[in-house]
Every structure is written in C-alpha cells, then in structure tokens.
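If you read the sequences in order, they're chains A and B.
Residue numbers for the first sequence follow our numbering, beginning at 7 and rising by one.
Residue numbers for the second sequence follow our numbering, beginning at 984 and rising by one.
Hints listed in this document are in silico derivations from the structure and should not be mistaken for laboratory results.
Built from N, CA and C at the ideal position, the CB exists for glycine as well.
Worth double-checking, as some hints may not be accurate.
Claimed, not checked - So the derived label-pair ranges between C-beta atoms look like this: (1) B:R1080 <-> A:S114: 16 to 24 Å; (2) A:T59 <-> B:G999: 23 to 31 Å; (3) B:E1039 <-> A:N25: 14 to 22 Å; (4) B:D1045 <-> A:S85: 38 to 46 Å; (5) A:Q48 <-> B:I1043: 17 to 25 Å.
What the hints assert, rightly or not - Below 30 Å or equal to it, Euclidean Cα-Cα: the simulated DSS-like pairs (lysine-lysine) are: (6) A:K109 <-> B:K1066; (7) A:K58 <-> A:K109; (8) B:K1025 <-> A:K58; (9) A:K60 <-> A:K9; (10) A:K112 <-> B:K1040; (11) B:K1040 <-> A:K109; (12) B:K1066 <-> A:K58; (13) A:K58 <-> B:K1061; (14) B:K1025 <-> A:K60; (15) B:K1025 <-> A:K109; (16) B:K1040 <-> A:K75; (17) B:K1025 <-> A:K75; (18) A:K109 <-> A:K9; (19) A:K9 <-> B:K1040; (20) A:K112 <-> B:K1025.
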Amino acid sequence: LAKTTQPISMDSYEGQEVNITCSHNNIATNDYITWYQQFPSQGPRFIIQGYKTKVTNEVASLFIPADRKSSTLSLPRVSLSDTAVYYCLVGAGAGSYQLTFGKGTKLSVIP
Amino acid sequence: EPEVTQTPSHQVTQMGQEVILRCVPISNHLYFYWYRQILGQKVEFLVSFYNNEISEKSEIFDDQFSVERPDGSNFTLKIRSTKLEDSAMYFCASRGRAEYEQYFGPGTRLTVT
C-alpha cells in the first residue's frame, strides 16, 4: 500500500478556499486516490475519488498532477461546518476491500 | 437517503465479558466491513465480509473476534472476551457492487472497564 503524507492540521477563515495536499510517492499504476471526511464522534464520509487530472463534485475538487505522486483536495468557500479531519487514501479503487486511514489533516475553520 | 445504522450507540462492559455489536448495512449492499478507532488515533480496518464469508482481516482481528450475517439485514461483530484495550469506537461500513464508496455507520462506542 502506498504511504501517504498530509499536514497534521490547517486553519482557515470562513469563506476561504482550502487546499489540502497529500503526498503519495509510491502510488501504484492501479491505485486510485480517495478522500474521506470525519466529524468528531462520527464515521468517515466519502468526499471524492480520482485517478488522474481533475475531478469535481458538488462538495470538492481533486487535482492530480500527471506523475500522480501527490494530490490536492480543494474545498471552496469553507464554512464552520467543514471543521473536520480529512483523510487521503490510496488504494486499488473499487476492488479494494479495506480502507487504510492515516492520521489525516485536522481542518479548523475560524469565524 | 439510505444509511448504515448501528446499535447500541454506547456499550459499557466488564473485562472478560462477551459483546455483540450490531449493524444494519444499506439494503442492497453486498460488501460489509468493520473498523475501529481508539480515542485520538486513526481508523483501523478489522475485517471485510462478502458472500457470507470473510474476505480479508487485519492482525487486530484475532480469535477473540467473529462476524456474522445472521439474516438478510444484520451484520454483527462479536468480541468473545473483552480486554481493556478493546475500548474504542467501532464503525460498520457497507458498499454496493458497482461502487467504490464505503458508507459508514455512526459507530458504537465500546467501553471496557
């Protein structure tokens, strides 16, 4: 499994765009990049998944450069309710039976 | 929106006792998982289950643990003889056949005294 590295914590003001970058230098050819969000005392929640270039959904965007050794989760105009831990996971997409979580990035949104 | 449910939300038990944590996955999902999260630590995979058998399990999932899908809706995790270090939040998750997203339940907080 590819090891991931992401910042331990980030602070942002409400209304700002937040970019969280994850490094995964040893990503394999068949690995997908997936981001989950976890609020305190709740289960993780899927945000977005991508393989290369850019993916966008109603919640976030995911930017993946050509070498795929890193990825950036972009949250537009964050609000207080976006305060959570964000996890970057790398694994073989739909065929992966288990999710391997790291320590994640604790995002604190400040009023 | 369909969701995974778990009961109880909080379970307190004495060391050495057996506990059963219950989950109701999303109805048309076929893959089921248990994870745990010790307070302040990362989410750890325990076991995956498909077609009425274990697909994968981690080193944590030793002989004290077992899973079962006793009927068409429930998915249970049994810990035979609880230890203090089993105190954690236990999350159940499920996934559909054509999906990559795992849907997590709200968790059961297990406290072993």
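Cross-check of the supplied hints:
The beta-carbon spacing between R1080 of chain B and S114 of chain A, approximately 38 Å, falls outside the hinted interval of 16 to 24 Å. Evaluation of the 23 to 31 Å hint for T59 of chain A and G999 of chain B yields a failure: the beta carbon distance comes to about 54 Å. Under the hint 14 to 22 Å, the C-beta atoms of E1039 of chain B and N25 of chain A, about 33 Å apart, miss the expected range. Distance hint for D1045 of chain B and S85 of chain A: a CB-CB separation of about 43 Å, consistent with the stated range 38 to 46 Å.
Taking 17 to 25 Å as the suggested C-beta distance range, the pair Q48 of chain A and I1043 of chain B conforms, at roughly 21 Å. About 24 Å separates the Cα atoms of K109 of chain A and K1066 of chain B, which keeps this hinted pair within 30 Å; it holds. Under the criterion of a C-alpha separation no larger than 30 Å, the hint pairing K58 of chain A with K109 of chain A is consistent with the structure, at around 24 Å. The straight-line distance between the Cα atoms of K1025 of chain B and K58 of chain A is roughly 27 Å, inside the 30 Å bound, and the hint therefore holds.
Simply put, K60 of chain A and K9 of chain A have alpha-carbon atoms about 21 Å apart, close enough for the 30 Å limit, and the pair holds. The hinted pair formed by K112 of chain A and K1040 of chain B meets the criterion: a straight-line CA distance of about 28 Å does not exceed 30 Å. For the suggested pair K1040 of chain B and K109 of chain A, the alpha carbons sit about 21 Å apart, so the restraint of at most 30 Å is met. Pair hint K1066 of chain B plus K58 of chain A does not hold up; C-alpha atoms about 44 Å apart against a cutoff of 30 Å.
Of the supplied pair hints, the one linking K58 of chain A and K1061 of chain B is violated, its CA atoms being roughly 40 Å apart against a limit of 30 Å. Note on K1025 of chain B and K60 of chain A: the hinted pairing holds, with a Cα-Cα distance of about 28 Å set against a maximum of 30 Å. Restraint check for K1025 of chain B and K109 of chain A: the C-alpha separation of about 5 Å stays at or below 30 Å, so the hint holds. At most 30 Å may separate the alpha-carbon atoms for a hinted pair to count; K1040 of chain B and K75 of chain A meet this at roughly 28 Å.
For the proposed pair K1025 of chain B and K75 of chain A, the alpha carbon gap of about 23 Å is at most 30 Å, so the pair holds. The straight-line distance between the Cα atoms of K109 of chain A and K9 of chain A is roughly 11 Å, inside the 30 Å bound, and the hint therefore holds. For the suggested pair K9 of chain A and K1040 of chain B, the alpha carbons sit about 20 Å apart, so the restraint of at most 30 Å is met. With a CA separation close to 12 Å, the supplied pair K112 of chain A and K1025 of chain B stays within the 30 Å bound.
Taken one by one, the earlier hints fail for this structure at numbers 1, 2, 3, 12, 13, listed in ascending order.
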